[in-house]
Amino acid sequence: MGIRTALLATALGCALAASDAGAQELNVAIFGGSFADNVRTCVAEPFQRATNTRVNFVLGNSVQNAARLRATRGRPDVDVAYMDLQVVVQAKAEGLLDQIDATKITNLPDIYPSAVDPDRQWIGFMYSATAIAYNPRELRNPPQAWADLWSPALRGKLAIGDISATSGQHFLIAAARLNGGSVENVEPGFRAIRELRPGVVTLYTQADQVVQLIERGDIAAAVWFADRVGAAARNGVPVAVVFPREGAIGILPTFAVPQGARNKALAEQYMDRALAPDAQRCFAERQYAGPTNRKVELPDDLAKLVPYREAVDRLYFPPPELVARNLPAWTDRWNREIAR
Amino acid sequence: MATVELRRLCKRYGAAVAVDRIDLSIAEGEMIAMVGPSGCGKTTVLRMISGLIEPDGGQVLIGGNDLTRAPVHTRNLGLVFQSYALFPHMTVFENVAFGLRRRSVREPDLGRRVGEALSLVRLDAFSGRYPRQLSGGQQQRVALARSVVTEPRVLLLDEPLSNLDAALRDEMRVDLRRLQQRLGITTVFVTHDQQEALTLADRMAVMRAGRIEQLGTPQEVYERPASAFVAGFVGRSNLFEVDATADGLRGPDGITLRAIGTVRGRMRAALRHEKLRLHGTPPPGANTFEAEIMLRSFAGAQALYVVRLNSGPEWQAEAPSNPPLAEGTRVTAWFTPDDLILLPLDG
Amino acid sequence: MAEPRRDTTGLLLLAPLLGVLTVAFLVPVLSLVPTSLRPYVAGRGIGEGWTLEHYTNVLTDSFYLEILARTIGLGFVVTLATLVIGYPLAYILARSESRWRHWLTLLVIFPMLLNLVVRTFGWIALLARRGLVNQWLMGLGITDEPLRLMFNFTGLMIGLTHIFLPVMVLVLIAVIQNIPRDLEEAAGVLGASRAAVFAKVVLPLSAPGILAGSILVFVLTVSALVTPRLLGGPTYKVVSTLVYEQFLQLLNWPAGSALALLMTAIVLLLLWVGARVARRWEARE
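Going line by line, the protein sequences match chains A, B and C. The first sequence runs 4 to 343 under my numbering. The second sequence runs 273 to 619 under my numbering. The third sequence runs 80 to 364 under my numbering.
Because the hints were derived from the structure by calculation, they are not lab data. Source: prediction; values computed, not measured. Virtual Cβ for every residue (Gly too), placed ideally from N, Cα, C. Where hints are given, some of them may not hold.
A few chain C residues that don't get close to chain B, going by computed Cβ distances all over 10 angstroms [unchecked claim]:
| # | residue |
| --- | --- |
| 1 | ARG123 |
| 2 | LEU168 |
| 3 | HIS181 |
| 4 | ILE203 |
| 5 | VAL346 |
Not everything, but these chain B residues come out facing chain C in the computed CB check (under 10 angstroms) [to be verified]:
| # | residue |
| --- | --- |
| 6 | ARG319 |
| 7 | SER322 |
| 8 | ARG347 |
| 9 | GLY350 |
| 10 | GLN354 |
| 11 | HIS361 |
| 12 | PHE370 |
| 13 | ARG425 |
| 14 | LEU451 |
| 15 | GLY557 |
| 16 | LEU567 |
Work out the full structure: start from the sequences and follow the hints.
Written out as structure tokens, the structure is:
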């Protein structure tokens, strides 16, 4: 019954945010933590200055943001919602999203086509990847491929994400592909992870747990997000990233305008700002996000850390509709076979 | 049934001395009242006898055995609490049976003895009730039955009548005395009500500040109080100071008094209210005064008066209410020399 | 003697509270009912029409049944543990005449003032593989390998017992303080040993508190979410974490609603049975 209070609290929170009267306001459902801070610096603040608009952030993860749109169907209390790819396609399927007016997004021609919904209901604003993080102080010869994670050298030194975390879903897909399977046939993936499981220290549910695990020396390697590695390394955590040889699994966080949004035009202006080269570069520097705008130039040291140009081509993006449709079954099976 | 003997019994609470080296011998079957104002230590003495409080010094002997350190539940005493302390979750029957069950008394003895105890307090018909369904007087009688059913060696009563209304109190007082005499049980009871002590007890101990000020039969204590405190506490008295001078005894405002006994220097004197008479002719040698009725209050057969003597001190008198004396009436007030109780100045 | 009269005054006095309960509890729970009967297609959302599949899925699947049983078992064990630890504590605090009493009471309540997440993280620091408890155990040579104290029944039980102990103690203190000390003394004078005083007087008279505290702790335990998520992790699930997962990770509101309603029904049934047993026990006394 904790969910009820959580839903209630978020509803209350947005009611408070909405009651704040101003000339122009834009309400944005966005991911929390340093992500929100960096979006504020790189996107929201310049946007506020340029348009004299007050930008209110409502914090939540992808699914919570989708749940918010579902609960307020047709009368959303936000104008922009941030969601990961496999969640945004579900929101689209449920008819919760409005079409974005391409003429209003001046930067749209510069965005990689793979980052834009053919029906223009969502746009990806950054690339990241599920890759391999390792502690360079503990591993002289870091794993170079997904297959290396099954090496006996990593027994009792590895953490992977639970199926509830995007990295867990991606690792399942990677393991399936590695062993002749695919998104439609994850059976080999389950078999491989079941075999790996006894040597896995923990199935983490929150990405931040990995920082602690590495700092305490509980693990030497983890399946983790490339952008998280960059941020943690900047904070002095002994961690580095490897994009595995078989291909890291691509992550495409997107934003969308909900059906019935009160300030659609303003929302499109906000998106355009977020996709502009300067904002994309700022976000790459702070969030270690690969830009989806191909006009962005990154310095070499940064280019090595983020999915950029050719590196983007080597990422594997699982078809999001398939992931969304299969996730309940995967979760069910994972809970029974892996997480117990 | 047993004797109770207290030897130099002491109890301190921090710096305060609650009970200060008390000696007391109680005979078998005797009923003793401990009286005194609140805080005088009388309840503490009772609780030390019961074992609920451990003394700091001295001894408690019951039936000649030293039980000073014996645990409460081994002493085989009866104790009636001021609050009655009936078990609210048990019926009257179970309340009374509680002590018997602890002594492993089984049916049919159990039922028979509970029945006897309840009929002793005339509550036979109530055995299935719960305490909350009983009146105060009935609860009191259940408490009594519960504490005598085990045939304790000594019965202790803590302010047994104080929670009852006046009419019920008189009735219970008679019941209590009759029951005690029927059972012949050694009884110690504590009360702040001197009237209760006077009417019930074989002997009474008047306590003050942790010590026994006077121990004696009610009559002795009433008629020969050992101190002004006792005189003031037991019965109602006019208290004043007297001086022995060359030409006799001088009271307040220089009134002249006659008393029996040797008087040296300054002393305290007590005159019971009912001994200051306002009717009749004073016998020869009586102390007589011209007096004026200042105030009259009716109290049934008796009336209470405030009178001013010889335009001097104002005293109180208790006299038959018939014939009435109106306020402002001038009367002759008198008392015999042996009515005047002379007491040492200290205390 | 006047028999206790049943009148409507009591009901009227209760009316505002019943109103609040209806709005705060009944309405939200009942609003889940229609949702729980809707079909759900992953990737497509909540469908039209009506179905019982979410209920039958749970009730016919040994995986879900095991988690249901585990959650209720956890509820019983935590309730029992808080009772066994809490009763002596509450008795001492209720009966103590020490001037430290208020400080001791505060010490018991203190954990309640801390954020739940903070308290849970405290337990993680203690119970983790390299946590303090394992360090001590290994330092003292009691074990060679670190014990698994987290992500299992033990960890959840320890964490939840600690978190709900103050609730039990506070309820029991209130009840024990209401038992006049005279009653214990009277029982002692009547020949009852300390054990008999406890068994025959204190325990039966504190039964309402034991029942109230147990119901409270049981309900709190089976509905706890934060602590099971943190101390149980993804590998040791209870019903509330499953419901959370359905609602907030899989967007499957119908399945989540069905699970939540089933759990609510089971808890209400258990409470009803508990109350009946208690009433019978009371009547017998």
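Quick rundown of the hints versus the structure:
1. No Cβ of chain B comes within 10 angstroms of the Cβ of ARG123 (chain C); the nearest lies about 61 angstroms off, and the non-interface call holds.
2. For LEU168 (chain C), the non-interface assignment is confirmed: its Cβ lies about 23 angstroms from the closest Cβ of chain B, beyond the 10 angstroms cut-off.
3. Its beta-carbon lying about 19 angstroms from the closest one in chain B, HIS181 (chain C) satisfies the requirement of being farther than 10 angstroms from that chain.
4. The claim that ILE203 (chain C) lies off the interface holds: its Cβ sits roughly 44 angstroms from the closest Cβ of chain B, which is beyond the 10 angstroms cut-off.
5. Against chain B, the non-interface label of VAL346 (chain C) holds: every CB pair exceeds 10 angstroms, the least being about 29 angstroms.
6. At its closest, the beta carbon of ARG319 (chain B) sits 9 angstroms from a beta carbon of chain C; the interface hint therefore holds under the 10 angstroms criterion.
7. The beta carbon of SER322 (chain B) comes within 6 angstroms of a beta carbon in chain C, closer than 10 angstroms, and the hint placing it at the interface holds.
8. For the restraint placing ARG347 (chain B) at the interface with chain C, the shortest Cβ-Cβ distance is roughly 8 angstroms, inside the 10 angstroms limit, so the hint holds.
9. Annotation: GLY350 (chain B) was flagged as interfacial toward chain C, and the flag holds, the nearest CB pair being 7 angstroms apart, inside 10 angstroms.
10. Residue-level restraint check for GLN354 (chain B) holds (minimum Cβ-Cβ distance to chain C is 8 angstroms; threshold 10 angstroms).
11. Interface hint at HIS361 (chain B): satisfied, since its Cβ lies 5 angstroms from the closest Cβ of chain C, which is below the 10 angstroms cut-off.
12. At a threshold of 10 angstroms, the smallest CB-CB gap from PHE370 (chain B) to chain C is about 5 angstroms, leaving the interface hint in force.
13. Among the interface hints, the one on ARG425 (chain B) is violated; its C-beta lies about 12 angstroms from the nearest C-beta in chain C, farther than the 10 angstroms criterion.
14. Violation of the interface hint for LEU451 (chain B) is found here, the shortest Cβ-Cβ separation to chain C being roughly 18 angstroms, above the 10 angstroms cut-off.
15. The criterion of a C-beta within 10 angstroms of any C-beta in chain C is not met by GLY557 (chain B), whose closest approach is roughly 56 angstroms, and the hint is violated.
16. The interface hint given for LEU567 (chain B) is violated, since its Cβ lies 43 angstroms from the closest Cβ of chain C, which is over the 10 angstroms cut-off.
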